[in-house]
Amino acid sequence: MSEKELGKKLDRCLADSAVKLGAGLGLGIVFSVVFFKRHTWPVAFGLGMGLGMAYTNCQNDLRAPYLILRNIKEQ
Amino acid sequence: MLRVCLKGANSAARKCLCGNGVPLHPLQQCRSYTSGGSGSSAGKIVAASVFTVGGGVGGTILYANWDPKFRANVEKSIPYSDQVFGLALGPAAPPPVINKPRKVEPVQISSMSEVWKDSKQPKAKEVEKKAEQPDAEGPPAPAPQETLEEASAQVAQILSAIGEVPSVPAPGTHEAEAVPPPAALKGVPAAAAKCTECEHEPAVKERPEGEVAARLAEQDKAEQDLLTSLSSNLEDALGSTAKVTLQAIGAQEAALQAIAQHTHQLREAMEAEAPPDKKSTQWRVLEDALSERSRSVDEAGAAVLRAKAELDKLRGVIDGAKHLKIAAARPSILAAEENLHSMVVDLDSVVTRVQTAQSEAKIVSQYSELVNEAKAQFQKELNSITPEIQANWKGLRKLTQDDLNSLIAHAHRRIDQLNRELAEQRVREQIHIDSALEQQKLEDKKALEVAISTALEHNREQMRLEQEKKVEETREVMEAEMRTQLRRQAAAHTDHLRDVLKVQEQELRSEAEEILNSSLMEKETEYRRLTQDQLDSFTLDMNAAYARLKGMEEAIDSHVIAEEEARKAHQLWLSVEALNYTLKTAALNDPTEPLEGAVQAIKESCAEDEFAQALATALPSESLSRGVYSEASLRARFYAIRQLARRVALIDETRNSLYQYFLSYLQAMLLFEKAQEAPPAKLSAEDLDTFKLLSYAAYSLEHGDLELAAKLVNQLKGESRRVAQDWLKEARLTLETKQVVSLLSAYANAVGLGTTMAP
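Top line first, the protein sequences correspond to chains A and B.
With the first letter of the first sequence counted as 1, position 70 gets the number 70 in my numbering; the numbers rise by one all the way through.
To get my numbering, take the position in the second sequence, counting from 1, and add 1000.
You may find that some hints are simply not true.
Calculated cross-link-like contacts (lysine to aspartate or glutamate; reagent style EDC-like; alpha-carbon spacing at most 20 Å) [as the list claims (entries may be wrong)]:
| # | chain 1 | residue 1 | chain 2 | residue 2 |
| --- | --- | --- | --- | --- |
| 1 | B | 1717 | A | 5 |
| 2 | B | 1738 | B | 1689 |
| 3 | A | 4 | B | 1590 |
| 4 | B | 1380 | B | 1369 |
| 5 | A | 4 | B | 1652 |
| 6 | B | 1738 | B | 1705 |
| 7 | A | 8 | B | 1369 |
| 8 | B | 1584 | B | 1736 |
| 9 | B | 1550 | B | 1533 |
| 10 | B | 1380 | B | 1360 |
| 11 | B | 1674 | B | 1653 |
| 12 | B | 1470 | B | 1457 |
| 13 | B | 1523 | B | 1541 |
| 14 | A | 4 | B | 1730 |
| 15 | B | 1313 | B | 1235 |
| 16 | B | 1738 | B | 1726 |
| 17 | B | 1729 | A | 5 |
| 18 | B | 1445 | B | 1360 |
| 19 | B | 1674 | B | 1652 |
| 20 | B | 1470 | B | 1495 |
| 21 | B | 1717 | A | 61 |
| 22 | A | 8 | B | 1564 |
| 23 | B | 1362 | B | 1381 |
| 24 | B | 1243 | B | 1287 |
| 25 | A | 9 | B | 1312 |
| 26 | B | 1322 | B | 1421 |
| 27 | B | 1313 | B | 1348 |
| 28 | B | 1711 | B | 1689 |
| 29 | B | 1446 | B | 1348 |
| 30 | A | 4 | B | 1726 |
| 31 | B | 1375 | B | 1312 |
| 32 | B | 1308 | B | 1457 |
| 33 | B | 1441 | B | 1424 |
| 34 | A | 9 | B | 1653 |
| 35 | A | 9 | B | 1726 |
| 36 | B | 1717 | B | 1673 |
These are calculated hints, taken from the structure and not from any lab test.
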């Protein structure tokens, strides 16, 4: 179902963002804890990176159908 | 006709004039002029024709009056002309009865009979033709039939049809003046005449051959009968005449004898001086002789009369026989005539002899009378002188001298007287002699004349007989010759006839063959035509029957086919209905049953139907395998689609970041359009907005027009399109399937309708 695709994408996006955020958070925390003396900035950085990645993924995922892929053979 | 032409010319002239616009008056003038002109010329023509016709008719009548043959011809050729001629000229005069010599006819008869034996039919025609001629001229002129001669001539002429015998008119049975021939002789010619009469009465009827032959045979028989009767009559007559003549001759001879005897005796008595008793006996004998003589003379006379009567009868018979003109009787007639003649001659001679004897006897008797008278006288004188003397001379011896003297004186006186008388007589002798001579001359002349005449007659008769005999001989010869000639002619004629007949036969045969052939051909062609017609009709019938059979078979086949078709259509329809039904089995959100089975069923049910096959194969495979969504489900789904499409309305190839997504979401939230809007007939550029399109589609969907909704949805661009893609696909599938199914059902219906309508 094509109409469900968006939903799925968005679900993936959300999931991915959650994961990415979590991961980012996690990593951020970790880094912040580990490396950056419990500054918050790595968490934010991580969160931001996670969010950014998630955003991009989501965007890419959403853009994916519009990409004009070049056929490698046609080079 | 001239008038017609003139009238035509008139009308043409009038038209011309009318066309030229000339006023009526000249036309009237013209008309009167032309009618006058035509009247005068027509009158001339009429007069000329009347004159011509009248002249022709008058000339014909005049010439017919002059020439009866022409009249006959005209009467024969032009009907009712005989009536005209009768009116104008009176009845036709009878044609002149030309008495052809009788020789011709008997010969002709014989030749006729000969020729008849060879060929009969043309003779019948000719006989008929010749009989026609007398018939044509007969009725108007009943000629008087005087004697049997004519009747027999008629009989002969009917027989002698070939010869150039002029037509003798129809005979009447007029035999009043015929010398009484035997009744048979009378009857047969009368019958023949009657035959000819009744022959001529039915005017122009062809007598059949057998009838003619019968008639001829009859006539021959009649002739034969005539002949036999004639000959018998002749013989009888001859016999009787001969007998009578002989009798007469005998009587005459007897008379002659008696006369001679008598005269002799008389002379003896006169001259002989027998004694008185002997004298008396002599006288008695004389008287007896005289009586005998008279008797015999009378007898002879009677016999002569009878003989003469018989001779006359015989002559009459001979004449009658002659009148019959039959050749075969001729010799017998001649013989009879000869006999007659001889008998007549004998009779005449005997009669003359008797007459001479009688004259002699008369002389002698006269002499004896005279002597007797003288004696008587003398005796008387003697008696007067010497009365006592006996009458007997013998008694003279007893006479006395005186007596003797007186007797002598008487004798002397007597002598003187006698001398004187003698002298006187001598004186008168001359005169007497002269007168006697003259008388004698006269008598002699008369006698001579009579004798001459009789002799002449006899001679003439003889000559005639001889002539007739010669004639007969020559006739015989001629007849024989003519017979031979005629035979020759007849032979030639028969040959000619044979040839002609052969030719005719050939011709007739060829004609008949031709006719036969032609008729055969005709009949054959007729037959062929009929058979052909029959064949044709039969063929036609057969063809018709065959055609009908074929038609029936075809009808049956077509029925079968139609039924088959109907069955198939029914099946199709049923399967299509099944398909339809399967279409209806779509649950709300689930597709239908896969249509495969139904389609398979359809495919099976319409194996030969290409259209259905094509249609069946035209079904999209997804419908077959997966089934299609119903319209309701699609409708329902659409709203979700719509929502989503609204949300991603801004997203397309160029705008597809998340931000755009957010914006489009915002737009969707903030933009309000009509839930359903009726789509216009034509989409303009501004109608291609997503929201409008969606509202149009919603409207159309709500109104059941999936197709239009699909079309409208198809106009979506970008992400909305992508979002609606599946729905569109489904809608497309459904639409396709529905289309195909509707086509199929329509087709099935149509086919079903067709099949149900077909018979």
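Hint-by-hint comparison with the structure:
About 17 Å separates the Cα atoms of residue 1717/B and residue 5/A, which keeps this hinted pair within 20 Å; it holds. Simply put, residue 1738/B and residue 1689/B have alpha-carbon atoms about 29 Å apart, too far for the 20 Å limit, and the pair is violated. Proposed proximity of residue 4/A and residue 1590/B is supported: the alpha carbons are some 16 Å apart, at most 20 Å. As the CA atoms of residue 1380/B and residue 1369/B are separated by approximately 15 Å, the hinted pair is consistent with the 20 Å bound.
In summary, the hint linking residue 4/A to residue 1652/B is supported, as the alpha carbons are separated by about 18 Å, within the 20 Å threshold. With a CA separation close to 12 Å, the supplied pair residue 1738/B and residue 1705/B stays within the 20 Å bound. Of the supplied pair hints, the one linking residue 8/A and residue 1369/B is violated, its CA atoms being roughly 224 Å apart against a limit of 20 Å. Proximity of residue 1584/B to residue 1736/B is assessed by CA-CA distance (about 15 Å); at most 20 Å being required, the pair is judged to hold.
About 24 Å separates the Cα atoms of residue 1550/B and residue 1533/B, which puts this hinted pair outside 20 Å; it is violated. Between the alpha carbons of residue 1380/B and residue 1360/B the distance comes to roughly 28 Å, so the proposed pair goes past 20 Å and is violated. For the suggested pair residue 1674/B and residue 1653/B, the alpha carbons sit about 27 Å apart, so the restraint of at most 20 Å is broken. Of the pairs offered as hints, the one joining residue 1470/B and residue 1457/B holds, with about 18 Å between alpha carbons and a cut-off of 20 Å not exceeded.
Distance check on the hinted pair: residue 1523/B and residue 1541/B sit about 25 Å apart at the alpha-carbon level, beyond 20 Å; violated. With a C-alpha separation of about 14 Å, the suggested pairing of residue 4/A with residue 1730/B holds against the 20 Å cut-off. Restraint check for residue 1313/B and residue 1235/B: satisfied, since their Cα atoms lie roughly 12 Å apart, inside the 20 Å limit. Under the criterion of a C-alpha separation no larger than 20 Å, the hint pairing residue 1738/B with residue 1726/B is consistent with the structure, at around 17 Å.
Proximity of residue 1729/B to residue 5/A is assessed by CA-CA distance (about 15 Å); at most 20 Å being required, the pair is judged to hold. Taken as a hint, the residue 1445/B and residue 1360/B pair is honoured in the structure, with Cα atoms around 18 Å apart against an allowance of 20 Å. At roughly 23 Å between alpha-carbon atoms, residue 1674/B and residue 1652/B are farther apart than 20 Å, so this suggested pair is violated. Among the hinted pairs, residue 1470/B with residue 1495/B is inconsistent with the structure: their alpha-carbon atoms are about 35 Å apart, more than 20 Å.
Of the supplied pair hints, the one linking residue 1717/B and residue 61/A holds, its CA atoms being roughly 19 Å apart against a limit of 20 Å. With a C-alpha separation of about 55 Å, the suggested pairing of residue 8/A with residue 1564/B is violated against the 20 Å cut-off. Between residue 1362/B and residue 1381/B the CA atoms are separated by roughly 26 Å; this puts the pair beyond 20 Å, and the hint is violated. Between the alpha carbons of residue 1243/B and residue 1287/B the distance comes to roughly 30 Å, so the proposed pair goes past 20 Å and is violated.
Restraint check for residue 9/A and residue 1312/B: not satisfied, since their Cα atoms lie roughly 187 Å apart, outside the 20 Å limit. Pair hint residue 1322/B plus residue 1421/B does not hold up; C-alpha atoms about 63 Å apart against a cutoff of 20 Å. At roughly 17 Å between alpha-carbon atoms, residue 1313/B and residue 1348/B fall within 20 Å of each other, so this suggested pair holds. For the hint pairing residue 1711/B with residue 1689/B, the CA-to-CA distance comes to about 14 Å; that is within 20 Å, so the pair holds.
Proposed proximity of residue 1446/B and residue 1348/B is supported: the alpha carbons are some 16 Å apart, at most 20 Å. About 9 Å separates the Cα atoms of residue 4/A and residue 1726/B, which keeps this hinted pair within 20 Å; it holds. Proximity of residue 1375/B to residue 1312/B is assessed by CA-CA distance (about 47 Å); at most 20 Å being required, the pair is judged violated. Using a Cα cut-off of 20 Å, the hinted pair residue 1308/B and residue 1457/B holds, with the two alpha carbons roughly 16 Å apart.
A hinted pair counts as satisfied when its Cα atoms are at most 20 Å apart, and residue 1441/B with residue 1424/B does not qualify at roughly 23 Å. Distance check on the hinted pair: residue 9/A and residue 1653/B sit about 17 Å apart at the alpha-carbon level, within 20 Å; holds. For the hint linking residue 9/A to residue 1726/B, the alpha-carbon distance of about 16 Å falls within 20 Å, and the restraint holds. For the suggested pair residue 1717/B and residue 1673/B, the alpha carbons sit about 18 Å apart, so the restraint of at most 20 Å is met.
Of the numbered hints given earlier, the model fails hints 2, 7, 9, 10, 11, 13, 19, 20, 22, 23, 24, 25, 26, 31, 33; all others are met.
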